[in-house]
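The listed protein sequences derive, respectively, from chains A and B. Residues 259 to 475 in the working numbering are what the first sequence lists, from first letter to last. Residues 282 to 544 in the working numbering are what the second sequence lists, from first letter to last.
To be clear, the hints were calculated from the coordinates, so they are not data collected in a lab. Cβ atoms here follow ideal geometry from the backbone N, Cα and C, with glycine treated the same way. The reader is advised that the hints may include incorrect statements.
DMTMM-like cross-link-like pairs, simulated, lysine to aspartate or glutamate; straight-line CA separation at most 25 Å [stated by the list, open to error]:
| no. | chain 1 | residue 1 | chain 2 | residue 2 |
| --- | --- | --- | --- | --- |
| 1 | B | Lys428 | A | Glu373 |
| 2 | B | Lys400 | B | Asp418 |
| 3 | B | Lys361 | A | Glu378 |
| 4 | B | Lys406 | B | Asp418 |
| 5 | B | Lys400 | A | Glu378 |
| 6 | B | Lys361 | B | Glu291 |
| 7 | B | Lys300 | A | Asp344 |
| 8 | B | Lys349 | A | Glu378 |
| 9 | B | Lys349 | B | Glu285 |
| 10 | A | Lys416 | A | Asp344 |
| 11 | B | Lys349 | B | Glu415 |
| 12 | B | Lys312 | B | Asp473 |
| 13 | B | Lys419 | B | Asp473 |
| 14 | B | Lys419 | B | Glu432 |
| 15 | B | Lys312 | B | Glu415 |
| 16 | A | Lys416 | A | Glu445 |
| 17 | B | Lys312 | B | Asp345 |
| 18 | B | Lys300 | B | Glu432 |
| 19 | B | Lys428 | A | Glu469 |
| 20 | B | Lys406 | B | Asp345 |
| 21 | B | Lys349 | B | Asp392 |
| 22 | B | Lys400 | A | Asp344 |
| 23 | B | Lys300 | B | Asp506 |
| 24 | B | Lys428 | A | Glu378 |
| 25 | B | Lys406 | A | Glu378 |
| 26 | A | Lys459 | A | Glu373 |
| 27 | B | Lys419 | B | Glu408 |
Pulled from the structure, derived: some chain B residues nowhere near chain A, Cβ distances all over 12 Å [unchecked claim]:
| no. | residue |
| --- | --- |
| 28 | Thr294 |
| 29 | Thr296 |
| 30 | Thr301 |
| 31 | Glu365 |
| 32 | Glu408 |
| 33 | Arg445 |
| 34 | Gly482 |
| 35 | Thr515 |
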Amino acid sequence: MTIDWSIVQMAIPLLARGTVVTLQISVAAGVLACLIGFALGLAALSNIRPLRWVIAAYVDFVRGTPLLIQVFLVFFALPVIGIRFDEIWAGIIALAFNTSAYIAETVRGAVGSVERGQTEAAKSIGMFRWQILTYILLPQALRPMLPPLTNELISMTKNTSLLSVISVYELTRAGQAIISVHFVPFEIYLLLALYYYALIKTLSYLSRFVESRMPVL
Amino acid sequence: MTNEIALRAEGLTKTFGSKTVLRNVDLVVRKGETVVVIGASGSGKTTLLRCVSHLELPSAGTVDVGGKPVGRVAIPGGWKPASERQLATQRRGIGFVFQRFNLFPHLTALDNVAIGLRKVRGFGKREARTRAAEHLDKVFLGEHLDKRPAELSGGQQQRVAIARAIAMEPAIILFDEPTSALDPELVREVLDAIRLLASGGMTSVIVTHEMSFARQVANRVIYMDEGVIVEQGTPAEVFGAPREPRTRRFLDHFTASDTRTSA
Numbered sequence: 259m260t261i262d263w264s265i266v267q268m269a270i271p272l273l274a275r276g277t278v279v280t281l282q283i284s285v286a287a288g289v290l291a292c293l294i295g296f297a298l299g300l301a302a303l304s305n306i307r308p309l310r311w312v313i314a315a316y317v318d319f320v321r322g323t324p325l326l327i328q329v330f331l332v333f334f335a336l337p338v339i340g341i342r343f344d345e346i347w348a349g350i351i352a353l354a355f356n357t358s359a360y361i362a363e364t365v366r367g368a369v370g371s372v373e374r375g376q377t378e379a380a381k382s383i384g385m386f387r388w389q390i391l392t393y394i395l396l397p398q399a400l401r402p403m404l405p406p407l408t409n410e411l412i413s414m415t416k417n418t419s420l421l422s423v424i425s426v427y428e429l430t431r432a433g434q435a436i437i438s439v440h441f442v443p444f445e446i447y448l449l450l451a452l453y454y455y456a457l458i459k460t461l462s463y464l465s466r467f468v469e470s471r472m473p474v475l
Numbered sequence: 282m283t284n285e286i287a288l289r290a291e292g293l294t295k296t297f298g299s300k301t302v303l304r305n306v307d308l309v310v311r312k313g314e315t316v317v318v319i320g321a322s323g324s325g326k327t328t329l330l331r332c333v334s335h336l337e338l339p340s341a342g343t344v345d346v347g348g349k350p351v352g353r354v355a356i357p358g359g360w361k362p363a364s365e366r367q368l369a370t371q372r373r374g375i376g377f378v379f380q381r382f383n384l385f386p387h388l389t390a391l392d393n394v395a396i397g398l399r400k401v402r403g404f405g406k407r408e409a410r411t412r413a414a415e416h417l418d419k420v421f422l423g424e425h426l427d428k429r430p431a432e433l434s435g436g437q438q439q440r441v442a443i444a445r446a447i448a449m450e451p452a453i454i455l456f457d458e459p460t461s462a463l464d465p466e467l468v469r470e471v472l473d474a475i476r477l478l479a480s481g482g483m484t485s486v487i488v489t490h491e492m493s494f495a496r497q498v499a500n501r502v503i504y505m506d507e508g509v510i511v512e513q514g515t516p517a518e519v520f521g522a523p524r525e526p527r528t529r530r531f532l533d534h535f536t537a538s539d540t541r542t543s544a
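I would like the entire structure built from these sequences, with the hints used as guidance.
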């Protein structure tokens, strides 16, 4: 087995272009997932029971089904009932909703595990429920929330490779395109692994950096 | 002390499952009065305070603070339970100082006191901070305004908690064993702060095991056992000549172990 270096040379810039798309999808889906996840997580702490049930059912569904099927649902099933996205947005939406369910659980768990005395102290000075959540519980929950949150975002970034199956021209798809023309799976899949590895390492380094800058309570 | 009534609790009862921890307790506290509640652990003292403040919802009974109902709202022909939001507003008349301080760890001493002034009483940022600093000065913490709770001793933390409560200017402040979680050498500074506020006209109900403090600071002492008020009177009456055998037994047991004198 010898490595065909000319293929490697040719592939590097092509894969770089795929990496840019992977990053774009990750950022868009990550931002959406955080917004939806925080909203759901906080709503799950409300005292409106039907709202809590709906969120619990949603989280249960998302966590109980494979991401690949969720991607197919958004890309192939929704158009049947008239909701149509192009492949990139279908991918972003599927990833965002998938990740948001995990983030919602993280937010709910972290806020819920702030010591009960904090809520009581806030009640004792006459705060309303949403004030307690905003000014007392959420600020204290942010730091414990951060490691699981960044883990979710990192696995979401890895999961973008699944979008290759609906022809999103991201990193994995870019590699497969080269393989289908030149039949060089060894070089290209090795390169893909290296690209993903570098991407994920950079993200985990960034997340550790952010964590280290968060004040310890 | 005036004749104006700060707190009126009637028929307060609390059951947890099949266990009744508070039985039909009546408690009236006048404006400016300092009431000290004593009794063994499990006698219902803490539950009494928590039911008055509605941090624990009473199973039965009513609470009125400053002449206004707490935990219920008037409807034509009677009352209905207050919503969570109404209760939050009603609770502003009641201050609470916890055994374990419960300061907000992400805020400085100043902001622990100022946050209620801003978010609940609606003062602007500058005004809230000025007032908060004044209240912290009253408990001798004027030099620790910018410290986080983790940087303060237990005694200092509890004094911040007291400042946080008085800053809301409630009709009454409830102290739930304010020195029980403190190292012995820190007890005195907290009791001194409470004593000073009490002499300045604060209305309070204090649950404590500090008998000599109770003797000095109380206008009235209440002895509780098994969820009922067994006996109450002036400190001289309750400590000097308890009428009930149960009170006598409790106090006898106590004088032997009351080594943490505070004066």
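Hint check results:
no. : hint                  : verdict
1   : Lys428(B) / Glu373(A) : holds, 21 Å
2   : Lys400(B) / Asp418(B) : holds, 21 Å
3   : Lys361(B) / Glu378(A) : holds, 23 Å
4   : Lys406(B) / Asp418(B) : holds, 18 Å
5   : Lys400(B) / Glu378(A) : holds, 16 Å
6   : Lys361(B) / Glu291(B) : holds, 16 Å
7   : Lys300(B) / Asp344(A) : violated, 63 Å
8   : Lys349(B) / Glu378(A) : holds, 21 Å
9   : Lys349(B) / Glu285(B) : holds, 13 Å
10  : Lys416(A) / Asp344(A) : holds, 21 Å
11  : Lys349(B) / Glu415(B) : violated, 28 Å
12  : Lys312(B) / Asp473(B) : holds, 21 Å
13  : Lys419(B) / Asp473(B) : holds, 11 Å
14  : Lys419(B) / Glu432(B) : holds, 20 Å
15  : Lys312(B) / Glu415(B) : holds, 23 Å
16  : Lys416(A) / Glu445(A) : holds, 20 Å
17  : Lys312(B) / Asp345(B) : holds, 13 Å
18  : Lys300(B) / Glu432(B) : violated, 40 Å
19  : Lys428(B) / Glu469(A) : holds, 22 Å
20  : Lys406(B) / Asp345(B) : violated, 32 Å
21  : Lys349(B) / Asp392(B) : violated, 29 Å
22  : Lys400(B) / Asp344(A) : violated, 46 Å
23  : Lys300(B) / Asp506(B) : holds, 14 Å
24  : Lys428(B) / Glu378(A) : holds, 22 Å
25  : Lys406(B) / Glu378(A) : holds, 24 Å
26  : Lys459(A) / Glu373(A) : violated, 34 Å
27  : Lys419(B) / Glu408(B) : holds, 17 Å
28  : Thr294                : holds, 21 Å
29  : Thr296                : holds, 20 Å
30  : Thr301                : holds, 23 Å
31  : Glu365                : violated, 6 Å
32  : Glu408                : holds, 17 Å
33  : Arg445                : violated, 7 Å
34  : Gly482                : holds, 20 Å
35  : Thr515                : holds, 29 Å
In this structure, the earlier hints numbered 7, 11, 18, 20, 21, 22, 26, 31 and 33 are contradicted, and the remaining ones agree with it.
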